Every structure is written in C-alpha cells, then in structure tokens.
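*Asks:* Protein sequence lines correspond, in order, to chains F and Y. Mapping to the working numbering: the first sequence position 182 is 182, numbers consecutive. If you count the second sequence from 1, you need to add 1000 to reach the working numbering.
Keep in mind that the hints were calculated from the coordinates and are not lab data. Computed from a predicted structure; not experimentally measured. Beta carbons: idealized from backbone N, C-alpha and C, even for Gly. Possibly wrong hints are sitting among the right ones.
Just so you have them, the derived chain F footprint on chain Y, three or more residues with Cβ under 8 Å [to be verified]:
(1) 1032 to 1040
(2) 1089 to 1098
(3) 1109 to 1117
(4) 1132 to 1145
(5) 1202 to 1214
(6) 1218 to 1228
With the C-beta cut set under 7 Å, the calculated list includes, among others, these residues of chain F facing chain Y [claimed, not checked]:
(7) 57
(8) 58
(9) 60
(10) 85
(11) 92
(12) 93
(13) 94
(14) 114
(15) 141
(16) 145
(17) 184
(18) 217
(19) 233
There are 2 protein chains.
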Amino acid sequence: MNKDGILYVVGIGPGDICNMTEEARNALDDADIIIGYKTYISLIKDIVNEKKLIKSPMKGEVERCKKALELSGDGERVAIVSSGDAGVYGMAGIVYEIAQKYNINTEIKIIPGVTAASAAAAVLGAPLMHDFAVISLSDLLTDWELIKKRIELAAKGNLVICLYNPKSKKRVEHINIAREIVMKYRSDKTPVGIVRNAKRDDQQVFVTNLNEMLEYPIDMFTVVIIGNSNTKIIDNKIVTPRGYNL
Amino acid sequence: MNKDGILYVVGIGPGDICNMTEEARNALDDADIIIGYKTYISLIKDIVNEKKLIKSPMKGEVERCKKALELSGDGERVAIVSSGDAGVYGMAGIVYEIAQKYNINTEIKIIPGVTAASAAAAVLGAPLMHDFAVISLSDLLTDWELIKKRIELAAKGNLVICLYNPKSKKRVEHINIAREIVMKYRSDKTPVGIVRNAKRDDQQVFVTNLNEMLEYPIDMFTVVIIGNSNTKIIDNKIVTPRGYNL
C-alpha cells in the first residue's frame, strides 16, 4: 500500500454546500483530485478552486470509481463525491468491490452525509419519527418483482415508506403500482410527502395523500414519503407520532 | 406569530462537531438559547460560548420541547439539539405535536443531520447500498408484537436491517429475539455490523455475522446493521452489492 494515497468517498449532502459536514469539507480540502458526476462537481466548485477536477458523465459510476482507485493506488489523494450520503445507494459499495476485483491496495475512507430521506423529511416536517423502509423503485439493477414484494411487506408492517428514484422518463408506471400496493393496506387519506430537489434553490414540496399523490410532479430528482397509519398533517407538515403521551 | 421568534430543531450529527452540517452550525449561531440533553450540549459547548444553554435530563423530551416552543413563541431565537438527525426518531415530531396541542404559534425549522444509520454504515464499509429498513427495538412507546412483526417482514423482504436502540439495561432479550427472527430467513453467515458510539472518540466497530453477533457488546449507544442475502465482507468491511456488473 502506498502510504500517502487515499480515496475519500464523500457524501456532500443534499442541495448546496451548507448541507455538507465539516468532515466532508476537510476531506475535499485534503484531496488533490476530486472526481464526480458533473452536476455534483458544479455544486462544490466554489470550494475546490485549486484542485484537479475530473467530471464524469451520468451512468459512468464503475469507470469513475475505477479511475479514482487507480489514482489513489498510485499515491494520489483523491475524493470521489456523491450527493446525499455516498453510503446509501451510493458509490461506497462499488469502490470496495472494484478495489477487490482489480486488487487495488489503497486506504479508503467513507465520509457520511445527510441522505435524501433525511433532507426530504426535514422539509416535510417529521414523517420519520417511527420505523421506516427505504426502497428504490429503479429496476435497472434490481428485479421489479422483488421491489414490489418489498413494498408489499413494508406496507403490511405499517412502516413509513421512503421511495428513492420513484420515476424516470422511461419508467413511469412503477410509482402507480407502488401506490396501488400500499393502498391495499392503508387509508387513501394517508399523508404523502413529495419533495423534488430537496434543499436546492428549485426545491418543490407537496403535502398530499395516497389518493391524490399522482397529481403532483414526480421524477428522478424526487423522494416520496408515505406515512404509516398514524401519520397526520399538522399545519401542512407531515408528522408521524413517536407515541409520547403529551 | 411573533415575527422574530424561531425554533430550530437541529440534528448535530453523530459524534463530534465535525459531523455537523454548516446549516446546523448557522442555526446554532443564529440562536440565542440552546436547549438539549446534557450530553449533546457538552458535545457542542465549544462553539456556543456566548449562548444561554439549557441542559435537560434524559427522558425529559416532552418538557424540553414545550420549554423551547414557549420561549420561541415569546419571541426568542431558540435551537433544540439532538444527536444524529432530529428527524429520525428525534425531537422534530414532538415539537409539531406540542405546538398544536398548546396552540403555540412560532416558526419551526427542522435542520437535518447525518443519522446514526449513515454514520454506522460509513464506518462499517457500505452495507446500505440496497433497500433497507430502520427499526427501533425500544418498546417504551411501541408494542413489542408490532416490532417483532416488522423485523419478520423486513427479513422476509430481504431488506438490510438497521436496528436502533438494540438493547438497554432493562431490555436485554429483544436483540436475541430479533436475531432469531432474522435467522429464519437468512444464513447464519450473513454479515452483521455492530457500531457503538459511531464517530466519537470511544467508537467501537465489530464486523461479525448472525451466528456470532451476540458475543459482542451491544447497548443503547449501538447501531446493529444486518446485511441482506447478498451482503459480503471485503477486507473486513461490510459491503452490500448494488448489483453493478463490474
């Protein structure tokens, strides 16, 4: 192992840089090379002026991680950035898998960030006060039958449900089917929160319910949070009671 | 509504203050009064020198939130702090519920933080690369039968499972039963990560499996993450594959 090389896998949090932790910022400061999808690089560009920046196209995750590992294996100090938390559906896993596959020996450090579920919850109020499931509706890498099964089991268990990647241009029906599955177990008045571009300048927030949720804009930049059977709306905020006797 | 009063509900992240976001720090800077459980106040004491600090005992959550709301309703700028993310099993929900019950009219702003699941995942490697459930084993406010049902459904759905509050001095058997439930659906070699005091000076991290997990220290400061059927151990890190063809 080259003693100086390091690969930081950094979750920069949702939205703009004020949602980044100090630890994440210190990792970016320490790195000489920063690699990421171009949108994320542009979010942090003001604080990484002196660095070598490598922008990578969408869907280039594997190549991006391999490049980052090779550079750090050669002794460079590298950071690879993700929005939200790199540890939740992020780059962290592929980094370890690629390091193993190509036998790249370098120090890897995962820096956690605020994940999209936490960001969406904060702008909606307090939907995640009780047990919850985080499920991605993307079937690019996961069998759709398994995704549907998970939604059904989470609905049956009365878990609050956070849906990541609820819809894309090519994948428009999955959110409708997810809603139908949950409707079998919960009232159509169950509160639903829809947050697009959480904590960014163009953030959109909608507080609605299972019955009406499809009337609102949902896309790949959106997180959808479906309440449990106790979740209520207080002053246009979504609140899942923890169960305190107030 | 008093125009100047505000109540920030701030997740300070796990561990020391470098895990706090800039937005959280700005909220603390803006507040004149900071309220929290004494351990959390001591974590941030170096950056809040000039403030009025109100330390509150454990289990004083409801009184703490009511006090914070009353002060902000009177026009004060107040922050109430939680470790991790105030939006995940935190103070955010009670604040809205108490504001409604006592008809306290003030601006409430939830500032998200890095939740314990993200922090534990980062030090373990990359266990949360796929769908997961977050379940608290505390039955103080939740029926134990419902908790068991949720564990069973999450296990059946092959979700990664994050257990919060896995054990306390009075509640020692729940983690054993949770493990037995998961064992019905997963191999006893399934990777399990145990993280105590994530991101603090006295952090302890154990990478083990379902079979051996009870041999490690587990208490109320611990998060336990149980992998799904694909989760593996790479170089003593826990990695759940996302499914990329590498």
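*Asks:* Decide, hint by hint, whether the structure agrees.
*Replies:* Against the structure, the hints come out as follows:
| no. | hint | verdict |
| --- | --- | --- |
| 1 | 1032 to 1040 | violated (count 0) |
| 2 | 1089 to 1098 | holds (count 9) |
| 3 | 1109 to 1117 | holds (count 6) |
| 4 | 1132 to 1145 | holds (count 7) |
| 5 | 1202 to 1214 | violated (count 0) |
| 6 | 1218 to 1228 | violated (count 0) |
| 7 | 57 | 16 Å, violated |
| 8 | 58 | 14 Å, violated |
| 9 | 60 | 11 Å, violated |
| 10 | 85 | 5 Å, holds |
| 11 | 92 | 4 Å, holds |
| 12 | 93 | 4 Å, holds |
| 13 | 94 | 6 Å, holds |
| 14 | 114 | 5 Å, holds |
| 15 | 141 | 3 Å, holds |
| 16 | 145 | 12 Å, violated |
| 17 | 184 | 14 Å, violated |
| 18 | 217 | 22 Å, violated |
| 19 | 233 | 10 Å, violated |
Comparing the model with each earlier hint shows violations of hints 1, 5, 6, 7, 8, 9, 16, 17, 18 and 19; every other hint is respected.
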